[in-house]
Amino acid sequence: MKVLRKIAVVVVVLYVGLLAGLLVVMRKPIVFGQAMKRFPEPLFAVVPFKRLWFVARAGQLKVGDPAPDFALPTGDRKSQVALAAFRGAKPVVLVFGSYT
Numbered sequence: 001m002k003v004l005r006k007i008a009v010v011v012v013v014l015y016v017g018l019l020a021g022l023l024v025v026m027r028k029p030i031v032f033g034q035a036m037k038r039f040p041e042p043l044f045a046v047v048p049f050k051r052l053w054f055v056a057r058a059g060q061l062k063v064g065d066p067a068p069d070f071a072l073p074t075g076d077r078k079s080q081v082a083l084a085a086f087r088g089a090k091p092v093v094l095v096f097g098s099y100t
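Each step along the sequence shown adds one to the number in our numbering, with nothing skipped, and position 22 is 22.
Take these hints with a grain of salt, some might be off.
[As the list claims (entries may be wrong)] Pairs of lysine-lysine, DSS-like flavour, derived with a Cα cap of 30 Å:
no.	residue 1	residue 2
1	Lys62	Lys28
2	Lys28	Lys50
3	Lys78	Lys90
4	Lys50	Lys37
5	Lys28	Lys90
6	Lys50	Lys62
7	Lys90	Lys62
Hints are computed from structural coordinates only; laboratory data are not their basis.
Can you make the complete structure from the sequences, with help from the hints?
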């Protein structure tokens, strides 16, 4: 019985360590993608990815908060456009997504 308890404790500690590691890696999307290439498929059944993702990627902004300033290159990559340049102008719609 003691051996079974020790095994259970080791399994729980490893599982919690795996979840903590995934949480850290999920905060860095490029590293997360590289890590997921090597993730064993059977673990997908026992890891709560959706819940971890929402915790890891949760931001501090609330509905109605102003968007933080950032700059992005123009289509021709010759200059940058900052969000702050549009403050006080007409409403700005930001659309983020993947077009691959």
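Here is what the structure says about each hint:
Restraint check for Lys62 and Lys28: satisfied, since their Cα atoms lie roughly 22 Å apart, inside the 30 Å limit. Proximity of Lys28 to Lys50 is assessed by CA-CA distance (about 16 Å); at most 30 Å being required, the pair is judged to hold. Pair hint Lys78 plus Lys90 holds up; C-alpha atoms about 25 Å apart against a cutoff of 30 Å. Between Lys50 and Lys37 the CA atoms are separated by roughly 17 Å; this keeps the pair inside 30 Å, and the hint holds.
As the CA atoms of Lys28 and Lys90 are separated by approximately 33 Å, the hinted pair breaks the 30 Å bound. Our distance criterion of 30 Å between C-alpha atoms is met by Lys50 and Lys62, whose separation comes to about 20 Å. With a CA separation close to 21 Å, the supplied pair Lys90 and Lys62 stays within the 30 Å bound.
Hint 5 alone, counting from the list given before, is not met by this structure.
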